[in-house]
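Visitor: Top line first, the protein sequences correspond to chains A and B.
Using this note's numbering, read the first sequence as starting at 100 and increasing by one per residue.
Using this note's numbering, read the second sequence as starting at 2 and increasing by one per residue.
Bear in mind the hints are in silico, worked out from the structure with no lab data behind them.
Treat the hints with care, as some may be off.
[Unchecked claim] As a list, the in silico SDA-like pairs of lysine to any residue whose alpha-carbon atoms are at most 25 Å apart: (1) B:Lys481 - A:Gly150; (2) B:Lys608 - A:Thr218; (3) B:Lys487 - A:Glu139; (4) A:Lys102 - B:Gly646; (5) B:Lys525 - B:Arg451; (6) A:Lys105 - B:Ser631; (7) A:Lys102 - B:Arg451; (8) A:Lys171 - B:Arg451; (9) A:Lys169 - B:Thr177; (10) B:Lys185 - A:Glu139; (11) A:Lys169 - B:Arg131; (12) B:Lys608 - A:Glu139.
[Said to hold, decoys possible] According to the in silico footprint, chain A covers these stretches of chain B (three or more CB under 8 Å from chain A): (13) 165-179; (14) 589-603.
[Stated by the list, open to error] A short, non-exhaustive set of chain B residues, derived as facing chain A with CB atoms under 10 Å: (15) Val143; (16) Ser160; (17) Glu191; (18) Gln607; (19) Arg639.
In this text, all values refer to a predicted model and were calculated from it rather than measured experimentally.
In this text, a Cβ means the ideal position worked out from N, Cα and C, and glycines have one as well.
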Amino acid sequence: MEKLRKFERVLEIVDQNNRQASRLIPILQAVQAEYRYLPEEILTFIATSLGISPARVFGVATFYSLFTLKPKGRYHIRVCNGTACHVKRSMDIYNAIHKKLNLQPGKDTTEDMLFTVETVNCLGACGLAPAMVINEEVYGQLTPERATEIIEDIIRKEENHELDTHGA
Amino acid sequence: MNEDTFITIDNKDIPIEREQNLLELIRKAGVDLPTFCYHSELSVYGACRLCMVDVEGMGLVPACSTPPSPNMKVKTNTEEIRKMRKIIVELLLANHSQNCPTCQKSATCQLQALARRLGITKIRFKNQSRDLPIDESSPSLVRDPNKCVLCGDCVRICSEVQTVGAIDFAYRGAQTVVIPSFGKDLDKVECVNCGQCARICPTGALTPKSEVDDVWRAIHNPDKVVIAQIAPAVRVAIGEIFGLEPGKITTGQIAAALRAIGFSKVFDTSFTADLTVIEESNEFIRRIQNKENIPQFTSCCPAWVKFIEQYYPEFVHNLSTCRSPQQMFGALAKEILSVQLGVKIEDIVVVSIMPCTAKKFEARRPEFSRDGIRDVDYVLTTQELGRMIEETGLHFNELGPESFNLPFGFKTGAGVIFGNSGGVSEAVLRYVTEKLTGERRENYEFKGVRGDNGIREIKFSLAGREFSMAIVSGLGNARKVLEDIKSGNGQYDFIEVMACPGGCIGGAGQPVYTDISIHQKRTKGLYENDRMLELHKSQDNPYISELYNSFLGDVGSPKAHELLHTHYKSRKRITDEDMYLSYSDKAEGLEINVCFGTGCFIKGSQKILRGVLDYISRNGLKNRVNVSASFCFEACDRGPVIRVGDRVIEQCTIEKATEAIEKEVEVYV
Ligand code: SF4
Ligand code: SF4
Ligand code: FES
């Protein structure tokens, strides 16, 4: 019933915003907080309920970089490739993580939906270069080895957690 | 008017009258300032920056979005401006596909015209054109994003004028494109195929889809007999391609050209427009007498019909069941002409020449095929016919006029004015007034329905009853009228709608134009044509009477129904598989599916979903049901709709829903 619960939440969000087209951006933000991305059918539904065209909603959702239309993993890794980090070989870190997680160009989310790996242009933490952010947490002065370790840690924790829930 | 308010444009004093912006004043001063994104019929967007001018004390400003103030001193051709314009056009060209000679828009492309005007002979920037996929899914249009200059004209005409909004800007920066929602194909979204976007697109990014090659193939095939029908609006516009004035009537030249190209017979869609008048008027009289499905909506515009089907399912039954003149012609041609000409139905090829891109879609509607054979095989736009004439090498203006073939080439003026907004209403009035009073009227003109406003209303009394009519062009205007009816502010008996501003004479298949004053000239041409003809009322067309006598039987007979009428359906705006939002974890369980399409949403599907969920949890049914929401069962006029197991419940209430669940859930333990 997880999907249904989320959909009810969407209905709530739309109603809280009085079904006003001018509230599109806050609505999309709230919906993304719920799903961690903006599913196509939900965007179509939002367009319907606000009385605007799906094309316009799609346009807004693709214009702002804070929105994403692809499902993201539980851990959202953003490796900085701003000037400072780039100079300090941040792409090596990106590549190491990609390799560790078996990702390829064009496929930046793992099958199990645990990780999504992306680059960003400057996290504003240039003093810590090279840097990355996992969900909200910043990791600085990385090496490829250190980055791999961090990933392995998370995987280990997740596995234990999984065991816990199965055991319970 | 205060005579002292004027501005100076290139050292000439120009009085400010009603102009909203500098651009209008500059054009009034006789300077054709280049623009891509300014159109008087659309909102001001100010994106192309081609209209930059120098205003003393302000520097460079976009003329389209700068309001005039008295004593402004404006220069339109300083060295700086000239250089900037060139750079803008060069940059556009550098981002543009380089296939100009093979482009459909080649002859009318405004980007090419501008490059020529500004004397651009080389592009100083590296070619950055992208290689994006071309969308040829639509039967009416081709969308080539590689030729798009991002002026937004199509986006605005689609959302502002037509209130459809099928295409919009997406992504940002260098990735910006104009596309349908989620990058879907145009034929999978709510586009009504009116083509107004292609009409206004300055380049070849949106163009009517061509069927010229298919038609040539049929003409060259010795087994086929290829016949043509020509829509009313074509005859007052095609001449523009050959340098004639808009509105100039060229019926005779068209007939001659079509025969020279190789068509076996040439007929007139105005003939079946006359037939439409008879059927549609009688349908109207019947509805008035039975007080059902009033107002009656005209049904000859396929873009309007699709608009109703997808946005106003509750009004589907108000549409006249009459097929459009194009489709009546197709059905009759296959049935009757095949016998008369002694050819097999599959060997007769019906080609329509239409001002319209939506007619291409209409011809492909499954309702208009029998045994896999379409009633209308190909639809050429006025532009496409122009191209065939050019390819053939005919000197159109010098062709000796020829006449149409009989019987389907004989029409009255009523069938001719079908091509402009107000024409269908007037033609129907010419019939209904005589039919209801039983008296012949000397005068045939109803000037009250004529005019340029997108919404016109007339009231009149006839045979002791008051009547109210609305004549509408442009789908945004149609939406306004429908909303008025829904809110109780509008009451009508008959509503004529044409999707294109001005009616079919302003169709997207017509010769390309940007100045909408052309509508008046073409319309005038059709009314003149009406006056020149011998007969003006459809009921006076002897070949129509003959058709009823010898073939159809009475008006509204079973034969007439089979060939001349149709039915409509509610349709999803966005096709694709249904979108399921939720399943319980159990594979087995009663499927409960609540429709969340627009129609149902408005009618309260949200409340029903809540009620259903409540009921489920109160009765501990969670593990025995699968609840999902999907978009549109295409029964929107009878919404809200839910499905419980195999049962589809229309006009559902919470009570009806729970009752059904109670019954059906028993088998799932
Ligand atoms: S054809 Fe008409 S409805 Fe379709 S995208 Fe163009 S303007 Fe919009
Ligand atoms: S108004 Fe005429 S030209 Fe325009 S879409 Fe309708 S039928 Fe076609
Ligand atoms: S450039 Fe990487 S943190 Fe600023």
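Visitor: It remains to establish, for every hint, whether it holds in the given structure.
Guide: Comparing the hints with the structure gives:
As the CA atoms of B:Lys481 and A:Gly150 are separated by approximately 14 Å, the hinted pair is consistent with the 25 Å bound. The suggested pairing of B:Lys608 with A:Thr218 is violated, with an alpha-carbon distance near 43 Å, which exceeds 25 Å. With a C-alpha separation of about 31 Å, the suggested pairing of B:Lys487 with A:Glu139 is violated against the 25 Å cut-off. With a C-alpha separation of about 20 Å, the suggested pair A:Lys102 and B:Gly646 falls inside the 25 Å cut-off, and the hint holds.
Taking the CA atoms of B:Lys525 and B:Arg451, the gap is about 10 Å. The hint holds against a cut of 25 Å. Note on A:Lys105 and B:Ser631: the hinted pairing holds, with a Cα-Cα distance of about 15 Å set against a maximum of 25 Å. About 55 Å separates the Cα atoms of A:Lys102 and B:Arg451, which puts this hinted pair outside 25 Å; it is violated. Taking the CA atoms of A:Lys171 and B:Arg451, the gap is near 58 Å; set against the 25 Å cutoff, the hint is violated.
The suggested pairing of A:Lys169 with B:Thr177 holds, with an alpha-carbon distance near 18 Å, which does not exceed 25 Å. Simply put, B:Lys185 and A:Glu139 have alpha-carbon atoms about 11 Å apart, close enough for the 25 Å limit, and the pair holds. Distance hint between A:Lys169 and B:Arg131 is fulfilled; the C-alpha atoms sit about 23 Å from each other, no more than 25 Å. As the CA atoms of B:Lys608 and A:Glu139 are separated by approximately 23 Å, the hinted pair is consistent with the 25 Å bound.
Using a Cβ-Cβ cut-off of 8 Å, 9 residues of the region 165-179 of chain B lie near chain A, which meets the minimum of three, so the contact claim holds. For a cut-off of 8 Å, the count of residues in the region 589-603 of chain B with a CB near a CB of chain A stands at 4, and the three-residue condition holds. Against a cut-off of 10 Å between C-beta atoms, the interface hint on B:Val143 is violated, since the closest Cβ of chain A lies about 18 Å away. Below 10 Å, beta-carbon pairs count as interface contacts, and B:Ser160 has one with chain A at about 7 Å; its hint therefore holds.
Because the beta carbon of B:Glu191 sits about 7 Å from the nearest beta carbon in chain A, less than 10 Å, this interface hint is met. Of the supplied interface hints, the one on B:Gln607 holds, with its beta-carbon coming within about 6 Å of a beta-carbon of chain A, less than 10 Å. Here the hint on B:Arg639 is broken, as its CB sits about 18 Å from the closest CB of chain A, past 10 Å.
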